[in-house]
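Asks: Work out the full structure, taking the sequences as your base and the hints as a guide.
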Amino acid sequence: MIELPSTDKLTEIVAGILADATFMFVETTDAQDWQGAEVLSARLDMEHGESVELVLRAEPVLGPILAANLLGTEVDSEEARASAGDALGELANMVAGALAVEVFGNEAICHIGIPELAVEPGLVSSAALAAATCKTIVLTEEGHHLAVMLSAGASA
Amino acid sequence: MSYCILLVDDSPVVRHMIRKVIEISGLDIGQIVEASNGSEALEAIEKNWIDVVVADINMPVMTGAEMVKQMIERDFMATTPVIIVSSEKSAKRMEELKQLGVKAYLNKPFRPEQIKQVIGEVLRERKEAVHD
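Residue numbers (this note's numbering), protein chains in the order written: chain R, 1 to 156; chain U, 1 to 132.
Think of the hints as simulated: they come from the structure by calculation, not from any bench.
For glycine and all other residues, C-beta sits at the position ideal for the given N, C-alpha and C.
Mixed in with the good hints, there may be bad ones.
[Stated by the list, open to error] On the chain U side, residues computed to face chain R include the following (Cβ under 7 Å):
no.: 1; residue: Val13
no.: 2; residue: Val14
no.: 3; residue: Ser87
no.: 4; residue: Glu88
no.: 5; residue: Ala91
Replies: Dropping the structure here:
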């Protein structure tokens with residue numbers, strides 16, 4: 001069974017990418033603190049013999065903030081609103097790139113999938129939280145929540 | 001002499017980010033063409049004179065690595081320089097692309113000055129090669 005990085009390592013990776021790519025400086029919080037009505041999600045798989053699923057779930061308000069910071073535009077601009085999902089997908093892609101080396105090693109050519117974007121019910125799945133192989137962190141940026149879930153899947 | 005750059009990424013946000021960096025870079029860029037996957041990129045190279053291709057790896061339809069392999073097989077594209085901008089950090093992947101002739105490899109997230117510097121260097125090489 002594949003060994004997933006610790007939640008501390010996951011936090012370090014995601015926080016570092018958010019700081020570098022979007023100048024957003026996040027804090028960790030408890031998953032139970034967040035029960036939003038709906039979320040914007042980006043989901044992708046990383047495969048190298050075995051597969052790992054990465055899911056990012058953000059409060060909808062965070063999407064335009066991410067897009068605005070990536071694009072260097074205003075949060076309330078049409079451009080930022082229109083790019084909200086794509087921005088979360090790109091964040092997932094960057095996180096997956098860093099995680100792939102952490103999980104599969106520097107010498108592996110890992111297949112990183114294309115992010116699937118959706119609007120979903122807000123609660124982090126209790127089944128996912130209960131799964132032994134799932135690592136979940138919840139980060140906040142000025143009170144807005146972003147959950148990052150990493151789980152080992154079946155052999156590819 | 002103005003240059004033409006082809007941006008290849010399935011993410012409009014990333015294409016927009018790189019386009020902005022190029023537009024304020026001071027480089028003598030006449031045209032920026034965009035494609036959302038390797039297949040569209042090959043079509044764009046057939047229709048336009050492209051001085052440098054800036055491409056992602058993981059894209060639907062055709063990946064950046066497959067695009068580079070196809071460019072090598074088509075004589076008139078074989079010498080067009082390619083810069084890869086990707087979130088992939090595997091040393092083995094970078095070595096594979098280097099062996100295919102990729103000129104430079106930048107990791108996402110990138111700093112704007114990195115994009116400017118790498119494109120500038122590749123265009124200078126391109127200019128010298130065209131004049132030789």
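Asks: Mind checking the CB of Glu88(U) against every CB in chain R and telling me if the closest is under 7 Å?
Replies: Holds: closest Cβ of chain R sits about 5 Å from Glu88(U), inside 7 Å.
Asks: Does Val14(U) pass the interface check with chain R, least Cβ-Cβ distance below 7 Å?
Replies: holds, 6 Å
Asks: Restraint: Ser87(U) near chain R, CB-CB cut 7 Å. Satisfied or not?
Replies: Since the shortest Cβ distance to chain R is 3 Å, the answer is holds.
Asks: Minimum Cβ distance from Val13(U) to chain R below 7 Å?
Replies: With Cβ-Cβ at 5 Å, under 7 Å, it holds.
Asks: Quick check on Ala91(U) please, does its C-beta sit within 7 Å of some C-beta on chain R?
Replies: holds, 5 Å
Checked against the numbered hints above, the structure violates none of them.
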